[in-house]
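Just so you know, the sequences run in chain order A and B. When we follow the working numbering, the leftmost residue of the first sequence carries the number 1, and every step to the right adds one. When we follow the working numbering, the leftmost residue of the second sequence carries the number 1001, and every step to the right adds one.
Keep in mind that the hints are not guaranteed to be accurate.
Straight-line Cα separation of at most 25 Å, DSS-like style, residue types lysine-lysine; simulated pairs [unchecked claim]:
id: 1; chain 1: A; residue 1: K42; chain 2: B; residue 2: K1069
id: 2; chain 1: B; residue 1: K1108; chain 2: B; residue 2: K1042
id: 3; chain 1: A; residue 1: K42; chain 2: B; residue 2: K1079
id: 4; chain 1: A; residue 1: K64; chain 2: B; residue 2: K1096
id: 5; chain 1: B; residue 1: K1108; chain 2: B; residue 2: K1079
id: 6; chain 1: B; residue 1: K1096; chain 2: A; residue 2: K42
id: 7; chain 1: A; residue 1: K64; chain 2: A; residue 2: K20
Just so you know, the hints here were simulated from the structure itself, not pulled from any lab data.
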Amino acid sequence: GAVVSQHPSRVICKSGTSVKIECRSLDFQATTMFWYRQFPKKSLMLMATSNEGSKATYEQGVEKDKFLINHASLTLSTLTVTSAHPEDSSFYICSAQLPTSGSTDTQYFGPGTRLTVL
Amino acid sequence: EDQVTQSPEALRLQEGESSSLNCSYTVSGLRGLFWYRQDPGKGPEFLFTLYSAGEEKEKERLKATLTKKESFLHITAPKPEDSATYLCAVQNGGFKTIFGAGTRLFVKA
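Given only the sequences and the hints, what does the whole structure look like? Please build it.
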């Protein structure tokens, strides 16, 4: 149980194009999903919190117009990197939150998407 | 400010050499402490949730323990396939989850 998928797993695009990454919770419904960015040998950097049916909450320093997040259903959140540049190349990981007790929510992660912008 | 500190940053073990990874935390209103395993190029894989001091959980060669200030991930007789980055995270009273920087474990055959 608690499986999260991401698509695509790898994407290479030209500078200036937009790329959409999908995150799906396969066997549970998630009102909250998260998007992270990870640099080589570094820990997770939270970019934004995605709530179903409402606007995403972005962390300080993350450009909301560049990283568009849509959480249209309880099982799907999408991250669109608009007008991508080489500095946007990174490993993007999503997670979906599942209540696991009366007082705790556990995040389950997708397998990640490797974005390379040429 | 809520904070999670993991040590050591990297740990090299011989196969069969048991050891422990440390996760020290300061948090306002601990709701849970999580351990994840992350392999290179993959997303983190959930291992354990600990809810209160004194709690212990085990999975194969891994055992996680929790006190009011820290958690340990004990690895008994590790194998090369246990090589990975182990992430610790805490959830505070406001349901925000804070991750540590991770410990990279290398187990040599």
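* In rising order, the numbers of the hints this structure does not comply with -> none
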